[in-house]
Structures are given as structure tokens and as C-alpha cells.
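Novice: Take a look at the letters that make up each chain.
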Amino acid sequence: MKLGNTRVASGTAVDEAREPVRRPAAQAVRTRRQVPGFVLSWGLFLILIGLWQLIVRAFDVSIVLVPAPSDVVRSLVDGLQSGFLLDHMWATLKEILIGFGLAIGMALVSAGLITQFRIVDKALLPILVLIQTIPKVAMAPLLLMWFGIGMTSKVLTIALIAYFPLLVNSILGLRSAEPEQIDMLRSFGASEFQIMRRLRLPSALPHIFAGLDVAVILSVTGAVVAEFVGATAGLGYTIQATNFNMDVARTFAVVVLLSVIGMTLHAVVVTLNRWLVFWAPSRKEHARDL
Amino acid sequence: MPTPSRPPTVTDVAVELHDITMRYQAKRGRSVLALDEVNLTITEGQFVSIVGPSGCGKSTLLKIVMGLTRQTAGEVVFGPSRSHENMLGMVFQQPLLLPWRTVAKNMLISHDLQPRLPRAELDKRVAEQLDMLGLRDFADQYPSELSGGMQQRVGIGRALLHDPRILLMDEPFGALDAMTRDQMGLDLLDIWERDRKTVLFVTHSIPEAVLLSDRVVVMTPRPGRIAEVIDVDLARPRRLEDINTPEFGEIASRIRVLLNSEHSAH
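Protein sequences appear in the order of chains A and B. If you read the first sequence in the numbering used here, its first letter stands for residue 8, the second for the next number, and so on. If you read the second sequence in the numbering used here, its first letter stands for residue 374, the second for the next number, and so on.
FYI, nobody ran anything at the bench for these hints, they're computed from the structure. Watch out, some of these pointers could steer you wrong.
Said to hold, decoys possible - Just so you have them, the derived chain B footprint on chain A, three or more residues with Cβ under 8 Å: (1) 180-194; (2) 204-210.
What the hints assert, rightly or not - Taking lysine to aspartate or glutamate pairs in the EDC-like style, the calculated list, with each CA pair at most 20 Å apart, reads: (3) K497/B to D513/B; (4) K478/B to D85/A; (5) K478/B to D190/A.
Note that the Cβ used here is the ideal one computed from N, Cα and C, for glycine as well.
Kindly produce the complete structure, drawing on both the sequences and the hints.
Specialist: Written out as C-alpha cells, the structure is:
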């Protein structure tokens, strides 16, 4: 007779039948000490960086091909101290913030109209779904042509890319209120507007934040792509310029800054989410919750 | 709760249902008759239960009285004795609390939607209400921190806060375990004894209906019709032990026989 983790006193078959079967308490079972996850991942990260440094130095890889991490750090520090990288970082961040804000505004308004008015839903949603199938980055050259090389074309590219995930999640969110909850509010004489404010909007928040999380990373991509197509400032522009000058260490430094922007914006979204949507059970389905 | 201005034995009409018919549009142009000419008069201050098998339209009937669903034909007439403000309050099968509001704030939802009382008066009422429901220490807790029974108490407090004339309850204890359910029924009777509101209580538990009610409306399965209205003449205040008395058993078995015969007729 076997019973999972149960320990059975050893002995002959006859003895075994007489011996009581014991199941020890949790403390009695030795558990292996758990190493915190962040220690493991940071450890691995540092090991990989170290390996990179080692390989580049050992095989004397040309700095024009792959710079060593130490070269990247030096270029990053130089660029930040001279203010060169900060200026371009600020240019890109500004584009992202304005474009992202625009996308949020447009997505919330159109989601509100689509969920509140059946006629808008029927007329507009199919068109939006159709537009969604277009790769948004393909629009960047057109936007550049229409709105010039300045910031406007970047802002619009970012807004276009961030808009759809926000829209879809906002629509889902605004429709997520339970019919019974709506009945409950109506039993107290709530108007449509009050149902929107007191129930539909708060219920939509967890979904909206899921959309924000996706859109915020997409908008960084959008900024880089838009600047690739044509720009006079920004980190995407800097990547192209340094690439052209074969200053690969600087290119890597810019990549680092881009991921800093991405991580920071993501952290802002996650923090706001925890703060505003405190009632929702914490979800651990985002791999990026590092 | 403020003391009632009317004696508990008034015989005014609280609400009358005239030939209430409800027809749903089903697929392929067919329609389903959910309620068929339901006529019922409910006297003010009475505790009336509606029992019937699932799908007999008893919840629909309650929603029609509440005004959440519009009947296909027929009329709901409320008694003229008091103003139409604060007329109805509803308790649902689920607590339906808003998870982002504390217990006290959930109770205050009716005020947030339609302010009627000054804030100070309201806070007093909330405190009284919480006391009465045994939730005094939970005012600032969030619903997720409460048990199912406590959540439903908040649901009851929320419906009572604006002092409705008629309380509609749609299987309010249906989602609770048997022991909590009994206790909640008795607590509800306690609350009801204080000012004897008109209560319309939907359930499919026969003992619950008999224990709580002055009258039990027995409904037939689809289409929902009233099979019979049975008076429960047991003395009040009632206790859980009353379930074991022969009078109780007799009334309960009458209802059971009615429900069974309606079942076999279909």
C-alpha cells in the first residue's frame, strides 16, 4: 500500500500491516531553501554580460562589430555627461508621451461611443477592424510626407500604433460590467450616465490597464520606427547616425536608453494599475513584471 | 431604523398586479410565454413569498415589479398611501457589491445616485444599519474581505438604507450554505419585525417561505401562473423550532403537494 508522501515503517509484510501509517507535519519535512527569483535573474544577467566582455576581449573583436560592455558603458556615460544623449532621449520621450496620450484619449472616446451607441458600433467598428489589419509602421513614411520631418509625424505614428490595443481593451472593459450589477444600480434609479461613471468605467479599468501595458511598449517601437524613416532628433535618429559613423558602442548605448524608457514607462503603468485598481486580484500573467 | 409612522396592522394595498403577462422573443420568431396573466394583491406590511420551480418566472415577476423588466401586457399598480419616493428596494441573489467601495460606501450607493438625506443624517443611518446587521466593525473593509453571508447582509443594508416602502428579495439566501441561510432568514425576520415593511420574497425553499411569510404564492412552471395563495397563520415572532410543529408541517406539505401536482400536470 503506497500513500503519496507517507512514510511507512520498514519491516516484514506482517509488521507493516500492524505498524500505524504516519504522515508528518509540513515542518517535519525538510524543504530546500528558496533563492529569490530576482537574485537568480540578476545573477544570470551579470554572468551573460561578463561572458560578453570576456569573449570580446579574448578574441579581440573589432569595436566596429561588437563593442565590449565596458565600451558601451563608457560611451553611455560620455554621451550623458555631454548632454548629447539626454537631448535626444528627451526628444523621443516627448514624442512618446504626447503620442501615447493622444492614443489614450482617442481610444477612450471611441470606445465610449462604440459601447454607448449601437449605431456607432455597427458603422465604425468594422472599419476600425479593417484598418487594424494594416501594419501601422507602413504608415510612417506617409505620415512623414504629410506632416513633415518634425515631431508631428512621430507623434501620429506612435498614436496610430498604440491606439488599437488600447481601443480593443477599452471596449472589452466597458462591456465587462455584469448585467446583474447594472440591474442593481438601476434598482436605485441610476441613469445611464451614472451607470457609466459608477460601474462601467471602474469595471473597465483592469482591462484598460492591460491595454496600456501593451501599448506603452509598442509606442517606444513606434517612436524608433518613425525616427528611422526621417528625423532630425531623437534616439531612433541617433541610432541611424551612429550606425552611419560606425560608432557601434554609441548605438548600443542608445539601445540601453530605449530599454530604460520602455522599462520606466512600463513601471509607471504597473504602479498606477496597483494603485488605481487595488481591488482586482493581482495577476502574474505578464512576463514583463520583472 | 426610524420608528414607523404607521401602525403595523394597516390593510392598505401596497401593490397590485393586474394580468401581468410576459412573452420573450425566442429564436426563429417563436416566443416563449414566461408569465401568463398573473393577478396578485399585496397588502401593506405583509411578508409575501413566491415559490415555484426554476423557470416559472418568479424572478421575472419581481423584476417587473421593480421596473427592471417591462411586462408584455398587464399593469403594476402601487398603493396610493405614501409618496412614490423611496418606494422600492431590491436585494438580489448575489450580493452585487462594488469591489472598489468599502462596506459603508457600498451601502451609500443609493445616496450617491439620488441624494435625499443630509450627510450627517445619512452617516447615522449607515451606523445604525451596520449595527443591526452585525457589521459594525466592517464599515471600512472591502467586500473581498467579507464572507458570503456578510456580503449579502451588506446587500440587504444597501436596499434598506433609503427606507423603501416595499422590499423585493430575489432568492437572497440562495447562494449561501444551509446554516448561514437559516440564520439570515431569522435575522431578516428580526429586521422586518421592527417596522414591518412590505416584503416580496422569491425563493424555492418551501420551509424558508413558510417560516418567513404571512402568505405564500405558489406558482406553476412555464408559463408561470399563480396556482394558489396560501395563508400562513403561524404566530409571530417566529423561531427556527417552529419548523417542527405540526401546523408548519401541514402548510409546508400543502405547498409541496401543489408544486408536485403542477409538475406532473406538465
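Novice: Take the hints in turn and mark each one as holding or not.
Specialist: Verification of the hints:
1. Under the rule that three or more residues need a Cβ within less than 8 Å of chain B, the assignment of the stretch 180-194 of chain A holds, with 8 such residues.
2. Figure legend: the stretch 204-210 of chain A, annotated as covered by chain B; annotation consistent (3 residues with Cβ-Cβ distances under 8 Å, at least 3 required).
3. A hinted pair counts as satisfied when its Cα atoms are at most 20 Å apart, and K497/B with D513/B qualifies at roughly 15 Å.
4. Between K478/B and D85/A, the direct Cα distance comes to roughly 55 Å. Violation of the 20 Å bound is thereby established for this hinted pair.
5. Distance restraint check for K478/B and D190/A: the Cα-Cα separation of roughly 18 Å lies within the 20 Å cut-off, and the hinted pair is therefore satisfied.
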